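J.: Residue strings, one per chain:
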Amino acid sequence: MKTIIPELRKKHRLSQEELAAVVGVTRQTITSIEIGKYTASLPLAYKIAKCFGKSIEEVFDFSDVEIPNEPF
Amino acid sequence: MNPFRQRIVDRVILLAVGLSITLCVLIFSMATGGFNYDSSIGASVDWVRLALFVILIVILTSSFTKNMKAIHNLDRLNKLQITEEDERNLFIKQKTGFLGMDIVLFGLTIATLFSRSSGPKTFFTFFWSLLFVSAVRVSLIMYYRNKY
Chain A
56 MKTIIPELRK KHRLSQEELA AVVGVTRQTI TSIEIGKYTA SLPLAYKIAK
106 CFGKSIEEVF DFSDVEIPNE PF
Chain B
11 MNPFRQRIVD RVILLAVGLS ITLCVLIFSM ATGGFNYDSS IGASVDWVRL
61 ALFVILIVIL TSSFTKNMKA IHNLDRLNKL QITEEDERNL FIKQKTGFLG
111 MDIVLFGLTI ATLFSRSSGP KTFFTFFWSL LFVSAVRVSL IMYYRNKY
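Line order of the protein sequences matches chains A and B. All residue numbers for the first sequence refer to our numbering, where the first residue is 56 and numbers rise by one. All residue numbers for the second sequence refer to our numbering, where the first residue is 11 and numbers rise by one.
Just so you know, these hints were derived from the structure itself, not from any lab. It should be emphasised that the depicted structure is a prediction, and the values quoted were computed from it without experimental measurement. You may find that some hints are simply not true.
[What the hints assert, rightly or not] In the DSS-like style, the derived pairs of lysine-lysine whose C-alpha atoms are separated by at most 27 Å in a straight line are:
1. B:103 with A:102
2. B:89 with A:65
3. A:102 with B:89
4. A:66 with A:109
5. B:105 with A:102
6. A:92 with B:89
7. B:157 with A:65
8. B:157 with A:57
9. A:109 with A:65
10. A:92 with A:105
11. B:89 with B:103
12. A:92 with B:103
13. B:131 with A:105
14. A:92 with B:105
15. B:131 with A:102
16. B:157 with B:105
17. A:65 with A:92
18. B:105 with A:57
19. A:57 with B:76
20. B:79 with A:92
21. B:89 with B:157
22. A:57 with A:92
[Said to hold, decoys possible] Just a sample of chain A residues kept apart from chain B, beta carbon distances all over 12 Å, derived:
23. 82
24. 111
25. 114
26. 122
Note that the Cβ used here is the ideal one computed from N, Cα and C, for glycine as well.
Chain B extracted, bound-state conformation (with noise of 0.2 Å):
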C-alpha cells in the first residue's frame, strides 16, 4: 500500500477511536448529572464544557470525514498528500511550533474539560488559558502565511 494512503487509515483509526471516547466521555457525564444547565455559575462552567465537547466532536467529525473520503478517492488522495507535504506549508508550520503548540492545546483542552470538578476558578484560568495559545496559534499562522 502507497505509505501516504497508509498513513492516512492509520490516522482515521486514530480518529475514530477519539471521536468514540469523546463521544462516550460526553454521554457519560451527561448521563450522571454532569452537565447542571440553571443559572448559577456552575452552570455557566458547565454550558462551556458543552459547547468545547461540541466543538471537539465536530473537529474530530470533519477531520474523519476528510481522510475517510481521501482513502477512498485516489484524486482526493492525491490533493492532501500535495497540501500535507507542501514544502511552504511546512515551514510555516515548523516556523510556528506546531508540533509543540498541539500538544499544548491538547493538554489544556483536556484539563478544560475535566476540571469541572476543580471549581469554577480552575476551570475557567485553563479555558482562558485556551483560548490565549488558541489565539497565538492563529496569529502565527496568519502572520507566517502572509509573511511567505
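Chain A on its own, in the form it takes in the complex (with noise of 0.2 Å):
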C-alpha cells in the first residue's frame, strides 16, 4: 500500500526513528510501511495519521483497495 508518509516526514522534519518513537513501534517497521512491503493495522495508521495531523485516507492510498459493487 503507498502512502505519503516520506514527504510528511521530511515536512515535519522527523526522521524514521523519532516517528517510530512516537508511534511506539521500530524504525525497521516504518521503513517497511513507507516502501511498501508492510500494511499497517488499523490502530497503527490512525497513529501515524494523528502523529501528523491528518486523517488515514489522506496518509494512505487505498486506490487498489477493491470495492464491492453493492455497498450496503
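Assembly of the complex is requested from the two constituent chains, each provided in isolation within its own frame, with the hints serving as guidance.
T.: Right, dumping it as C-alpha cells:
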C-alpha cells in the first residue's frame, strides 16, 4: 500500500526513528510501511495519521483496494 | 509496577533458574566423568555436547544480562518493549510459528544433551534434527523479514 509518509516526515523534519518512537514501533516497521512492503494495522495507521494531523485516507493510498459493487 | 516491567522481572527469574540448572548439570556431568576427551566416537559426542552446553549458557547469559539491564534503565526498558510489542515483529513471529518452533527446539536441545547414554546414533540423530530445525527457523525469519 502506497503512503505519503516520507513526504510528511520531510515536511515535519522527522526522522524514521523519531516517528517510530512516537507511534511505538521499530524503525524497521516504519521503513517497511514507507516502501509498501508491510501494511500497517488500523490502530497503527490511525496513530501515524494523527501524528501528522491528517486522516488515514490522506496518508495511505486505498486506490488498490477493491470496493464491493453493491455497498449496503 | 508497569506490567511489562513485571513480565521482564519474571523472565529474569526464569532465566536465572534455567542458567543455574544448566550450569549445575554441566558441572555435575564433568565431575562424574560424563565427558570423555580422547579421540573415540564417544569423545566426539562429548565435544558436541560440551559445545551445546556452552552455546546454551552463552544464550541464557546474554538474555539474562539484556533483560537485567532493561529492568534498571527506563530507556532500555522502553526500547525493549517497543521491540517486543512491535506489530511487524509479532506478525513475522506468527508467520514463522515461533511458539511451536521454540518448543520443538527446546525439546530437541534437551534430548540432544541427555541422549549421550543412548549411544552415538541416537545422539547424532537428535543433534542433526536440532540443526535442521534451527536452520529452518532462521531461513523462515530471514525470508519474512525480507518480504515484509
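J.: Which numbered hints turn out to be false for this structure?
T.: 13, 15, 19, 20 and 23
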